[in-house]
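Going down the list, the sequences are from chains V and F.
Take the first sequence: its letter number 49 is residue 68 in the working numbering, and every next letter is one higher.
Take the second sequence: its letter number 79 is residue 987 in the working numbering, and every next letter is one higher.
These are computed hints drawn from the structure, not numbers from a lab.
Owing to the predicted nature of the structure, the values given are computational and were not obtained by experimental measurement.
Keep in mind that a hint or two might mislead.
[Said to hold, decoys possible] Pairwise CB distance ranges, derived in the manner of DEER restraints:
#, chain 1, residue 1, chain 2, residue 2, range
1, F, N960, V, S33, 44 to 52 Å
2, V, Q64, F, G1006, 20 to 28 Å
3, F, A1007, V, L26, 28 to 36 Å
4, V, H29, F, R917, 23 to 31 Å
5, V, H101, F, D982, 35 to 43 Å
6, F, N960, V, S71, 41 to 49 Å
7, F, G936, V, S22, 27 to 35 Å
Idealized CB from N, CA, C, for every residue including glycine.
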Amino acid sequence: AQSVTQLGSHVSVSEGALVLLRCNYSSSVPPYLFWYVQYPNQGLQLLLKYTSAATLVKGINGFEAEFKKSETSFHLTKPSAHMSDAAEYFCAVSSITGNQFYFGTGTSLTVIP
Amino acid sequence: EAGVAQSPRYKIIEKRQSVAFWCNPISGHATLYWYQQILGQGPKLLIQFQNNGVVDDSQLPKDRFSAERLKGVDSTLKIQPAKLEDSAVYLCASTWTGADTQYFGPGTRLTVL
Chain V
20 AQSVTQLGSH
30 VSVSEGALVL
40 LRCNYSSSVP
50 PYLFWYVQYP
60 NQGLQLLLKY
70 TSAATLVKGI
80 NGFEAEFKKS
90 ETSFHLTKPS
100 AHMSDAAEYF
110 CAVSSITGNQ
120 FYFGTGTSLT
130 VIP
Chain F
909 EAGVAQSPRY
919 KIIEKRQSVA
929 FWCNPISGHA
939 TLYWYQQILG
949 QGPKLLIQFQ
959 NNGVVDDSQL
969 PKDRFSAERL
979 KGVDSTLKIQ
989 PAKLEDSAVY
999 LCASTWTGAD
1009 TQYFGPGTRL
1019 TVL
């Protein structure tokens, strides 16, 4: 069985500050891990993914995430927040077959000017 | 490359009525998913198709929900009869066989009054 837990349903940061969105996973098999972003009234867009290659994964829009097996974590970071980063962020896990795809409950990011 | 298309974008119905949603995946994508995203929650997988066959429908409420993908391309999701708790955004996603990244459509927002 697989699942993800996103700590903090709402995160607020000042423009230019570090963004840190937390995700912990539970998986009985080596997982594939994903971060998706959802802007208002739009579908989900892939930010980045971990598929058992490099543990530090770089994505679009300056985001990156590090897979830490010992901590079962896959936290999303961005050094400097921009107003356009305000959105809902979802962590997701799947098996290597791509089946059994599970999303977390999401974290709403607010960027304060 | 055209993305995943969904229609309608918005639908308002009264409880006990029927409703259908349509999805056209990205050309060449054999795998198609339907998700239900209730406000404030992450997307929940309802059904996964591989071509015109069902791979996983374990979380589909089969007493009222049905889905088909007769020719292995377009798909429809139907709710009959709708309940208040069916109010949600219904997302369609597609990908290539065995691929790990899903591509999402903009979703259909259903309101049941």
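Verification of the hints:
no.: 1; hint: F/N960 with V/S33: 44 to 52 Å; verdict: holds, 51 Å
no.: 2; hint: V/Q64 with F/G1006: 20 to 28 Å; verdict: holds, 22 Å
no.: 3; hint: F/A1007 with V/L26: 28 to 36 Å; verdict: holds, 29 Å
no.: 4; hint: V/H29 with F/R917: 23 to 31 Å; verdict: holds, 26 Å
no.: 5; hint: V/H101 with F/D982: 35 to 43 Å; verdict: holds, 38 Å
no.: 6; hint: F/N960 with V/S71: 41 to 49 Å; verdict: violated, 31 Å
no.: 7; hint: F/G936 with V/S22: 27 to 35 Å; verdict: holds, 31 Å
Hint violations for this structure: number 6 only, all remaining hints satisfied.
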